[in-house]
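Undergrad: Using the sequences and the hints given, assemble the complete structure.
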Amino acid sequence: MIPLALTGFGAVSPLGMGFEAFGAGYDDPSREVFSTTSDLFDLGPYPGARVAEVRGFDAAKILGDKGLRNNDRLTKLYLVAARDALAHAGLKSGGAWTLYGPDDVGVAGANAYGSLEAIHELNLVARLEDPRYISPARFPNTVINSSLGYVSIWDDLRAFNATVVNGPAGALDAVGCAAMYLASKRAKAALVGGGEALSELLHFGLHRTGMLDGGAVSGEGAAFAVMEPLAAARARGATVHARVAGYGNAFESPEGDALFAPSSLALERAIGDALAEARIEASQVELVLTGASSWAPMDAPEAKALDASLPGARREAVKARTGETLGASGAFAMAVAARRLASGAAKTVVIPALGFFGNASALVLRRAEDE
Amino acid sequence: MTPRVYVTGMGVVSALGLGRRDFWQSLLAGRNAAAPVTLFDASNLDRNIAAEVKGYRPEDHLTAREQRDVGRCSGMAIAAARMAVADAGLDDAHLRSTRAAVVIGTTMGEADMLSRIDDGWIRHGRASVTAQDFARYSPSFLPLHVGRALGCRGQVLTLPAACAAGNYAIGYAADLLRAGRADVVITGAAEMIEELQYCGFLRLGALAPDRCQPFDLNRGGLLLGEGAGVLVLESEAHAVRRGATALAEVGGYGIACDAYHITRPHPEATGTVRALREAIARSGLTPDEVDFVNAHGTATRANDQVEARAMREVFGDRRVPISSVKSMIGHTMGAASAIEAVTCIETVLSGVYPPTIHYETPDPECDLDVVANVPRRGASDVVINNSLAFGGYDALVCFARVGRLPPPSDREVSR
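The listed protein sequences correspond, in order, to chains G and W.
Be aware that the first sequence starts at 204, since it is given in our numbering, and climbs by one per residue.
Be aware that the second sequence starts at 646, since it is given in our numbering, and climbs by one per residue.
In case anyone wonders, no lab produced these hints; they're calculated from the structure.
Mixed in with the good hints there might be a few duds.
Computed far set for chain W versus chain G, every beta-carbon distance over 12 Å [claimed, not checked]:
{"id": "1", "residue": "Met646"}
{"id": "2", "residue": "Leu673"}
{"id": "3", "residue": "Pro788"}
{"id": "4", "residue": "Leu802"}
{"id": "5", "residue": "Thr803"}
{"id": "6", "residue": "Glu840"}
{"id": "7", "residue": "Asp855"}
{"id": "8", "residue": "Ala904"}
{"id": "9", "residue": "Gly996"}
{"id": "10", "residue": "Glu1005"}
{"id": "11", "residue": "Pro1007"}
{"id": "12", "residue": "Asn1018"}
Chain G side only, calculated, beta carbon under 7 Å to chain W, not exhaustive [what the hints assert, rightly or not]:
{"id": "13", "residue": "Phe244"}
{"id": "14", "residue": "Arg330"}
{"id": "15", "residue": "Met383"}
{"id": "16", "residue": "Asn452"}
Virtual Cβ for every residue (Gly too), placed ideally from N, Cα, C.
TA: Following this line, the structure appears as structure tokens:
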């Protein structure tokens, strides 16, 4: 991996909009965003359930009301977070490029169930009314990559556009994917991150599969970081919030018939590869931003892998504040990591991500000055 | 040192046959797979033709567990992957490795699994939807199922890049090998026809009434198809060490985004032109060295015009032979550029261009050397596979005869 820097963040979260507000909300224990009510759907059929919802989110207030009518919620979350990140990194101001140009900037973003709601919506039309009534304007939303396609359209990003789907590991894999593209000079900078939008079907799915047992909360939001070669970031005088030092991923084939088969061994291997790429020892890692969500079938194998790989590092569960944001979770963890690095709370942070079915990824972020 | 990347095996599940040889022979015979839709009731729709995969029987390719747990899309991906692995002569020792990765593209993935959830939700109430139903739906399952079937332990990744997904996956897989992050990558894409997609394309006015006529003046749109195409890619060292036969070399690839419209390509073909030039340059070649182009060639008015424009822009007056197998197998959406990668490599191997059937009246707006109706022999050292997609995606991959491309160190592209 070439030396890479994260030079700006954008976030849309119930904890706050924008990097600073998100971080402040995240660190403010009095700010409680888990709720037993939802503005999006009726939580009545799910007694005791809580959601972490971006209440009152109105993309039109931020982006203007032209052109958003047929976009789904995930697209709007993406659009606001992406624009925010480009401005925060200083690549754009007032919507205009201040540095680089359209051909120079790409985007790699994750979601876990991106088109779920759009497909569900149109399936309802097809089955309850008539397939011939499907809205052609809404149909593109059923294509998983369309939300990220809109990001390129709205912000005129003409280099690569890569949607990555890999459950909770997706946003880290988007970083790995973009790192490869940047190394082969397919762009000068890239937005990397992910998003997930709450819907009744997604909440139902998490509930039905038991993923909300033990107090886990279904969440939503989007976050992007601007990633660019460290040398270029320094040359332009950018603020380097974090250095992307290592990335690893692994897969261990599930045994048996379990619905979910998280693999602690895969996570151990992913962490090991990420540390090796970062050329650091496990003992140098001070903080792990875990993916723990309070759902034991995932939390236990993650803890087992961390006990084996990073026994001495402090652990902080980002989802305890954001809820389970799936494709966005790795991106929110990167924003938290940047905050911890900036405050001096840690010099090296590992973000692990355990997939549902044998896959796992890990990312190492370090302070720029500790190169 | 950056390694060369070779294709050492191919598998395909298509409406024109299973396995690369049957598929290729059917293409050369100019067979048309379009037929009335049988996967769902299309009797009340304005269109009822598609290129369905009818010869695929899950029990012939999948284990009992796989037949129970995986959707049609993953099933076709697994079947094509097993064919590719057999074609490559890869044994378990090479597959069950932390250096064996899986990268698969798609548009909607396990669409039938979600359809099942929606059917239950709508017709019988949400209580009828089981945990198994939901747990089995995820676009990320395609490579996970393939990885599990083959025992791979390296990276598994889904790249849902709509109708450019195959080329996105193949390009990324080649990058993994060049970066030294894997020794072998199982890559490609899969897609199935679902009623929702069919009706969506119908509502977009994109479906042809009866046949697919790429680049023809009277073309009436696309026909939907389905299937899976999977390649085994290996680093040169890995292929040589195990004595594999390299079918073709993966050259450079180009990716760009039009950033123009979610479904329509940029009318000036800006993204396609950029990505095409990039694919050629990253192969260490010039446009004069390209022998044949496998077109995206959907037979929609906008696509074919844009593609013709890009060809003129990059190749100038040199009329590079071009063909669209979508005239025979339909538009297999996310699987398209993966299945068509198989045809590109067969062209590299055989020196034969597959035909564009139903080509009757040249369109002055598509002033191209279309391989019309019958296959043609010609130079085939360097073949480009083109794809465009929803989201404004442009992705092109170059395949070349083994030994034709300069060393990777001479292909550097600076930005």
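Undergrad: Give a verdict on every hint.
TA: Going down the list of hints, with the structure as the test:
no. : hint    : result
1   : Met646  : holds (15 Å)
2   : Leu673  : holds (32 Å)
3   : Pro788  : violated (8 Å)
4   : Leu802  : violated (6 Å)
5   : Thr803  : violated (4 Å)
6   : Glu840  : violated (6 Å)
7   : Asp855  : holds (19 Å)
8   : Ala904  : violated (4 Å)
9   : Gly996  : holds (31 Å)
10  : Glu1005 : holds (29 Å)
11  : Pro1007 : holds (30 Å)
12  : Asn1018 : holds (32 Å)
13  : Phe244  : violated (12 Å)
14  : Arg330  : holds (5 Å)
15  : Met383  : holds (5 Å)
16  : Asn452  : holds (5 Å)
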